[in-house]
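*Asks:* Build the full structure now, drawing on both the sequences and the hints.
Each residue of the sequence shown is one higher than the one before, starting from 1 at the first, in the UniProt record's numbering.
Hints are computed from structural coordinates only; laboratory data are not their basis.
Treat each hint with caution, since some may be false.
[To be verified] Computed Cβ-Cβ distance ranges for the label pairs, DEER-style: (1) SER78 x LEU171: 20 to 30 angstroms; (2) THR75 x GLN242: 12 to 22 angstroms; (3) LEU171 x GLU232: 31 to 41 angstroms; (4) ASN96 x VAL238: 10 to 20 angstroms; (5) VAL218 x PHE161: 13 to 23 angstroms; (6) ARG224 x SER78: 39 to 49 angstroms; (7) TYR216 x GLY183: 25 to 35 angstroms.
[To be verified] Here are the simulated BS3-like cross-link-like pairs (lysine-lysine), alpha carbons at most 25 angstroms apart as the crow flies: (8) LYS263 x LYS100; (9) LYS97 x LYS227; (10) LYS263 x LYS97; (11) LYS26 x LYS227.
Ideal Cβ positions, reconstructed from N, Cα and C, are used throughout, including at glycine.
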Amino acid sequence: NGRGRRLEAPPWIQALSPEERALREKQLKRKIDIRLLPAVIIMYILNYIDRNNIAAAKLAGLERDLHLSSVEFQTAVSILFVGYLLMQIPSNLFLNKIGKPAIYLPVCMAIWGLISALTAVSTNASGLLANRFFLGFVEAAYFPGCLYYLSCWYTRAELGFRTAVLYSGALISGAFSGLISAGVTWGMDGARGISAWQWLFIIEGAATVAVAGACYFVLPNFPRTTKWLTTEERELAVWRLQEDIGEDDWTTSGEQTFWEGAKLAFQDYKTYILV
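*Replies:* Structure (structure tokens):
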């Protein structure tokens with residue numbers, strides 16, 4: 001019936017000695033790391049900066065100019081996470097459905113960059129709250145989507161280190177966001193009749209959109225379809241992941257549906273251990 005069928009490596013991979021296989025994999029992982037990790041880290045840095053720059057904007061006069069009470073300001077800070085929580089799971093389900101993470105993630109990034117920049121046109125508490133809610137709603141796509149994306153390129157043993165590297169983006173953003181905010185608020189207050197806090201959102205939002213455009217052309221989708229790997233590298237990249245999973249859960253010619261995938265998940269005892 002096609003279930004549980006064992007997969008076989010391509011003949012040229014079977015012919016490699018353990019030392020040759022290890023060398024080939026090392027070269028392949030280095031090539032993937034150089035292409036993927038800088039891009040996803042920069043994207044995560046901007047993800048953090050765009051959600052947290054409201055604190056610097058407060059110091060630059062946002063609360064005063066929008067006539068916000070302390071409760072309204074704190075609500076604006078917190079409401080981002082309402083949108084974030086609502087969208088995390090649906091976003092990954094949608095990403096799994098369309099199957100193009102190298103397009104989906106940069107597009108989401110461009111949208112949240114635009115929303116962040118539009119914070120500059122907020123004139124009252126209601127506008128700021130709506131902006132922050134939708135910023136969190138769209139930003140929620142990135143981190144779980146990025147973990148899914150990395151799992152399409154790395155084995156389980158390799159994912160831990162790459163995930164830790166991705167997390168470093170949050171630390172880096174904390175180190176640099178204050179310096180960037182200080183530079184903008186000190187040097188651009190009143191330029192072209194625009195307040196410093198407005199320039200902060202405009203500049204950082206525009207930078208996010210620009211990086212999203214670059215990542216659209218840099219990031220590949222999956223090992224099987226990427227063009228900057230050789231044919232042998234693509235075959236090895238695909239086989240490594242198949243080998244890491246073990247027996248294929250579903251190898252029929254038909255496409256596996258969401259409900260069939262959910263059934264497999266509920267039948268797996270590891271699901272309940274993780275819960």
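*Asks:* Now, for every hint given, state plainly whether the structure supports it.
*Replies:* Hint-by-hint comparison with the structure:
1. Taken as a hint, the range 20 to 30 angstroms holds for the pair SER78 and LEU171, whose Cβ atoms sit roughly 23 angstroms apart.
2. Take THR75 and GLN242: their Cβ atoms lie about 49 angstroms apart, and the range 12 to 22 angstroms is violated.
3. Between LEU171 and GLU232 the C-beta distance comes to about 37 angstroms, which sits within the given range of 31 to 41 angstroms.
4. Between ASN96 and VAL238 the beta carbons are some 18 angstroms apart, a value that agrees with the proposed interval 10 to 20 angstroms.
5. Distance hint for VAL218 and PHE161: a CB-CB separation of about 21 angstroms, consistent with the stated range 13 to 23 angstroms.
6. Hint check: ARG224 to SER78, Cβ distance near 42 angstroms, so the stated range 39 to 49 angstroms holds.
7. As the Cβ distance of TYR216 to GLY183 is approximately 28 angstroms, the hint placing it in 25 to 35 angstroms holds.
8. Proposed proximity of LYS263 and LYS100 is supported: the alpha carbons are some 24 angstroms apart, at most 25 angstroms.
9. Of the pairs offered as hints, the one joining LYS97 and LYS227 holds, with about 23 angstroms between alpha carbons and a cut-off of 25 angstroms not exceeded.
10. At roughly 16 angstroms between alpha-carbon atoms, LYS263 and LYS97 fall within 25 angstroms of each other, so this suggested pair holds.
11. For the proposed pair LYS26 and LYS227, the alpha carbon gap of about 19 angstroms is at most 25 angstroms, so the pair holds.
Hint compliance for this structure: hint 2 alone is broken.
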